[in-house]
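Given next are the chains, with one letter for each unit.
Protein chains: 2
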Amino acid sequence: MDKKAIYKLSYGVFMLSTKAGDKVNGCITNTCMQVANSPTRIAIACINANYTCDLIKESGVFALSLLSEDCGYELIQHFGMQSGRNVDKFANLQLPTDVNGIPYLAWQTCAVISGKVLESIDLGSHTLFIAEVVDAVNLNDSEPLTYADYQNKVKPKKEAVQTDRKIVGWRCKICNYVYEGSELPAEFACPVCGHGPEDFEPVYA
Amino acid sequence: MDKKAIYKLSYGVFMLSTKAGDKVNGCITNTCMQVANSPTRIAIACINANYTCDLIKESGVFALSLLSEDCGYELIQHFGMQSGRNVDKFANLQLPTDVNGIPYLAWQTCAVISGKVLESIDLGSHTLFIAEVVDAVNLNDSEPLTYADYQNKVKPKKEAVQTDRKIVGWRCKICNYVYEGSELPAEFACPVCGHGPEDFEPVYA
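Chains A and B, in that order, give the protein sequences.
Counting in this note's numbering, the first sequence runs from 1 upward without gaps.
Counting in this note's numbering, the second sequence runs from 1 upward without gaps.
One or more of the hints may lead you astray.
The list treats identical chains as one, so a pair stands whether inside a single copy or across any two.
Stated by the list, open to error - For lysine-lysine, the following BS3-like pairs were computed, each having C-alpha atoms within a straight-line distance of at most 25 Å:
#1 K57 x K23
#2 K116 x K3
#3 K4 x K116
#4 K153 x K3
#5 K173 x K155
#6 K23 x K157
The hints are simulated quantities; they were obtained by calculation from the structure and are not laboratory data.
Computed from a prediction, not measured in an experiment: that's the story for all the values here.
With these hints in hand, go ahead and build the complete structure from the sequences.
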């Protein structure tokens, strides 16, 4: 199996947020699609290790902010590269809330979809949530950010390969987890977000 | 609910094929995403009215040809705008077959993913197939066609609105079904493919 083939599936980029009691959290995801139009249903795949996934299981509702093509890397870093278990990502942010009382993004975002989970399917690394669309709002006329454009235009380019320095670890580019050691095992999967070696970059001494 | 918000979800464009006994068929779809990476799983939403959907339920296997950005409209028309119940879309085509013996596209295509269905969820208009990826082949270095590029670059532009001619029907742009009558009901759903009024164009006298 050539994973490069699977990586050619096309996606958008989203900030997925939820609120369970007083706990609010959100993460960055690329895996949402409409799966039925009568009635309107969407499906979202969420990494089981993510705090947002736990909270959606608890609350049964979520808001999906569809990032727009003018989205900056800082927004992705803020919601996608730190865990809500350690940081309150919504502290000091003044955000509007959707019909379920969940905060969504009011900037660098083109639309928001509010979902109510109908079915959760545990698929090992991820849970697939099948949801009723309870509301959908088109915020402006900006185009949605695609995952390909995120990779090619938004994400900073890798530094040139540095062969003269000692590698002391490997950092997961998805969640920033650091594996300590000079060689990352070929079948390694990030214990935090589940991504494989292709998503790790070297950490130099 | 503003459907324009839901239409901002991003997708690729695919030819989904299957083989059940001697019956071979394929259709065009935009709804496939990876839903787990350990183990590797994908999900595909397929319109229940489509013959391909029936055949996948029977065979439990499929090939997903990921169309590339150089894909022409004729290919979309051939697989997407006629029904395999009336036409053998694979007659006179010399195509390679995947590990399950299913033909896939060898041109205007950048990769092929072979799936084995693990779970089928009926969602009304569509069935969601959750599948194991049994093989994935990267065919070349071309970029995948996105649904947005299909709409903006591949699909021929609508003719200018003709207000001086009488409308006698409405044609579904997805499957070519024709509704006979001058006015399409606001809540109409295509009885063949399930799409709504926004996917119909007028037929003039």
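A quick look at each hint next to the structure:
1. K57 x K23: within (13 Å within a copy, 41 Å between copies)
2. K116 x K3: Result: close only across copies, 17 Å inter versus 32 Å intra.
3. K4 x K116: For K4 and K116, only the inter-copy Cα distance (19 Å) is at most 25 Å; the intra-copy one is 33 Å.
4. K153 x K3: The answer is within: 22 Å in one copy meets 25 Å, while 28 Å across copies does not.
5. K173 x K155: within (10 Å within a copy, 37 Å between copies)
6. K23 x K157: Neither: 35 Å inside a copy, 48 Å across copies.
Hint compliance for this structure: hint 6 is the single one not met.
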